[in-house]
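Undergrad: Sequence:
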Amino acid sequence: MTAQAGFRRGLWDGISLVVGYFSIALSFGLLAVRLGFSPLEAQMVSAVVYAGASQFALVSLLAVGASAWSVAGVVVAMNLRHLFYGPALLSRMPADGPRLPRPLLAFGMTDEVFALASASLTRAHGDRWLFGVQMAAYGAWLAGTAAGAFASRWDVARLPAVDAALAFVLPALFLALLLPMLTRRHVLSLVVAGGTALMLAGWLPGHVTMLVAMVAGAAVAALRPQGGGDDAD
181 MTAQAGFRRG
191 LWDGISLVVG
201 YFSIALSFGL
211 LAVRLGFSPL
221 EAQMVSAVVY
231 AGASQFALVS
241 LLAVGASAWS
251 VAGVVVAMNL
261 RHLFYGPALL
271 SRMPADGPRL
281 PRPLLAFGMT
291 DEVFALASAS
301 LTRAHGDRWL
311 FGVQMAAYGA
321 WLAGTAAGAF
331 ASRWDVARLP
341 AVDAALAFVL
351 PALFLALLLP
361 MLTRRHVLSL
371 VVAGGTALML
381 AGWLPGHVTM
391 LVAMVAGAAV
401 AALRPQGGGD
411 DAD
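FYI, the numbering for the sequence shown is 181 to 413, going by our numbering.
What the hints contain is simulated information worked out from the structure, not anything from laboratory work.
Even glycine gets a Cβ: it sits at the ideal position worked out from N, Cα and C.
Treat the hints loosely; a few may be bogus.
[To be verified] Estimated spans, in silico, between C-beta atoms of each pair:
1) V367 with S247: 40 to 50 Å
2) V367 with R333: 42 to 52 Å
3) A257 with R214: 22 to 32 Å
4) M315 with F264: 21 to 31 Å
5) A327 with S250: 38 to 48 Å
All chains should be modelled from the sequences, with the hints used to inform the complete structure.
TA: In structure tokens, the structure reads:
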């Protein structure tokens, strides 16, 4: 697959993320303007931070006067899990030929992009496919933020059904993207990760729980013997 074809294919496959990303970014744009940020400031946060739940935490903390250092610490802690995403996909990247800068791909590596890449990325796709998926998601995120900031003048966020629906979209999208990976080969890791998250959910902050659960699931996957009849899908 040529680089150009890989990028176009990635854009097409990334359409599955567009609705979810647009909806959540719409909610972020509404919230940011409601907290006193200008539409341009909301758009800049989405363009530069691009970190989903971290953006909601960022604008909420800044709105109540939290220091820049404390806000930065919270945002970094909430996104530590992303350190695992790149190494997990390296083996699926082309070993030779021109490659896109890894920092560029790292910037666009969100939870949902990682889930889609984990289920679909192959060496034949190449890093241009991954970049295409990321651009589809990033474009939807920016467009949703702009739409939310613009719609804030009508205060649609006061509608409880809208807030509830927007809050549910991204977790549902993430779960749907993980379903194709649910094979016998992955069940034990998923059970360990899910069980760890359930046990710690009442004791630790959500982002810490997710990080510990990911480490537990990854450890099981790394220690599990490869091959054998039970690896069949």
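Undergrad: Is the distance from the Cβ of V367 to the Cβ of S247 consistent with 40 to 50 Å?
TA: With a Cβ separation near 44 Å, V367 and S247 satisfy 40 to 50 Å, so the hint holds.
Undergrad: Quick check on a hinted range of 22 to 32 Å for A257 and R214, using CB atoms only.
TA: holds, 25 Å
Undergrad: For the range 38 to 48 Å, tell me whether the beta carbons of A327 and S250 fit it or not.
TA: violated, 30 Å
Undergrad: In this structure, is the beta-carbon distance linking V367 and R333 contained in 42 to 52 Å?
TA: holds, 49 Å
Undergrad: Starting from the hint 21 to 31 Å, judge whether the C-beta atoms of M315 and F264 obey it.
TA: holds, 23 Å
Going through the hint list in order, the structure does not satisfy hint 5, though it satisfies all others.
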